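*Asks:* In terms of the numbering used here, the sequence shown opens at residue -16 and continues consecutively.
Honestly, the hints are just simulated from the structure, not real lab data. The model shown is predicted, which means the values in this text are computed figures rather than measured ones. Mixed in with the good hints there might be a few duds.
[Said to hold, decoys possible] Calculated cross-link-like contacts (lysine-lysine; reagent style DSSO-like; alpha-carbon spacing at most 27 Å):
1. Lys84 with Lys94
2. Lys294 with Lys325
3. Lys206 with Lys181
4. Lys206 with Lys320
5. Lys94 with Lys233
6. Lys294 with Lys206
7. Lys294 with Lys313
8. Lys45 with Lys71
9. Lys233 with Lys181
10. Lys197 with Lys246
[As the list claims (entries may be wrong)] Computed beta-carbon distance windows for the label pairs:
11. Lys243 with Lys45: 44 to 54 Å
12. Lys34 with Phe129: 14 to 24 Å
13. Asp49 with Ile278: 51 to 61 Å
14. Glu305 with Thr242: 15 to 25 Å
15. Leu239 with Lys51: 48 to 58 Å
16. Asn219 with Ile278: 17 to 27 Å
By construction, the Cβ of each residue, glycine as well, lies at the ideal position given by its N, Cα and C atoms.
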Amino acid sequence: MLVLNKIEKRYINFHLKDISLSVEKGDYFVLLGESGAGKSIILEIIAGLIKPNTGSVVLNGKDITDLKIQKRKIGLLFQDYAVFPHMKVKDNIAYSVKKHKTASDVDRVVKELATKVSIDHLLNRRPETLSGGELQRVALARTLAFEPELLLLDEPLSSLDIHLRDELRSLLRKLNKDGISIIHVTHDYEEAISLATKVGIINDGRIIQTGTPKEVFHNPQSKFVAHLTGVKNFYNAEIIHENKVLLEGKTEITILPTTKRGKACLYFRAEDVVLSLSKLESSIANQLNGNITDIIPSTNGMEIVVDVGIKVIVLISNQSCEAMSLDVGKQIWIGIKASVLKIRY
């Protein structure tokens, strides 16, 4: 459906480099990256707000690189709602179609879209009387009114509270299942997990990994991707035996048997590490003793940083942290099963 081919855009202090990606009809493609990585620039190039220095934008087999924004069947929704403050909700939704349809058709479109995004009870209200979530739904309905072939979303949930974010996520998933192809940029890993059918990771103007959420989040190709997608434990490794690996040239651990040798990367998730006050009486392959160097609150509990020669991050519940009376400097044991260790050769 959409193909970006070797897109480049140069600024004085930033360079979007060799951006190539494909989005198929029906995809929910999430472009995930930190602030300043170039996500919004890519959307604006697709929409026609910015022209690339080199490369092409192809939509449904047609090169639209030089096509004016008004001629592209692409909808762009920003995070700041961008509704017309002097118009009622129904007039905001009707804005892009009233020049091309009869009054009865405009009324029908407005009612259908308002119902689809659950704002049909707000049609006679003005924007200043609406909540952030309601404003975002108005902006979304107005964007959908001209029947875009592709919907672009620029951090659409970032300014909403948790409850409203969950509601909008559900709505966006439904719209995608109804057949709308979407490209959504965000810095929020959880947002990507909950919405994406495909994911692209962008860093410093380059897309460094793409794939399904499972391919990207379970098999990060670099330390940057690992950290961005929630894998906190990612190490340079050297396979020194069929089931032994040396991490960061310091700490030897046991892995599942492999015929490979030499340099690699090894990673595992913080929630897959067992934490104990004493050595574990179990068959866990790797039991390491160390000191707690930091305790970090997170959305899913407490991240305990343990120095066992390398720094290992362990995720536990708040209750477990309190029950074990954990504190910085305390000696602790960690256990890591060989089966949870992932290796990228």
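*Asks:* Given a hinted range of 44 to 54 Å, is it respected by the beta-carbon distance of Lys243 and Lys45?
*Replies:* 46 Å, holds
*Asks:* Given the proposed pairing of Lys197 with Lys246, does the C-alpha separation stay at or below 27 Å?
*Replies:* 24 Å, holds
*Asks:* Kindly confirm whether 51 to 61 Å is satisfied by the beta carbon distance between Asp49 and Ile278.
*Replies:* With a Cβ separation near 55 Å, Asp49 and Ile278 satisfy 51 to 61 Å, so the hint holds.
*Asks:* Could you check the hint for me, namely that Glu305 and Thr242 are 15 to 25 Å apart, CB to CB?
*Replies:* 45 Å, violated
*Asks:* Verify the proposed pairing of Lys45 with Lys71, using a straight-line Cα cut of 27 Å.
*Replies:* 37 Å, violated
*Asks:* For the pair supplied as a hint, Lys84 and Lys94, is the alpha-carbon distance within the 27 Å limit?
*Replies:* 14 Å, holds
*Asks:* So if I understand the rule, the pair passes when the alpha-carbon distance is 27 Å or less; does Lys94 with Lys233 pass?
*Replies:* It is violated: about 65 Å lies between the C-alpha atoms, which goes past 27 Å.
*Asks:* Would you check the hint for Lys206 and Lys181, treating anything up to 27 Å between C-alpha atoms as holding?
*Replies:* Holds, at about 20 Å.
*Asks:* CA of Lys294 to CA of Lys313, is that 27 Å or under?
*Replies:* Holds. Lys294 to Lys313 sits at ~14 Å (cutoff 27 Å).
*Asks:* Do Lys34 and Phe129 keep their Cβ atoms within the hinted range of 14 to 24 Å?
*Replies:* For Lys34 and Phe129 the Cβ distance comes to about 22 Å; the hint holds.
*Asks:* The hint says 48 to 58 Å between Leu239 and Lys51; measuring C-beta to C-beta, is that right?
*Replies:* Distance hint for Leu239, Lys51 holds at roughly 57 Å.
*Asks:* Between Asn219 and Ile278, does the C-beta distance stay in 17 to 27 Å?
*Replies:* 26 Å, holds
Of the hints listed earlier, those the structure fails to meet are numbers 5, 8, 9, 14, in rising order.
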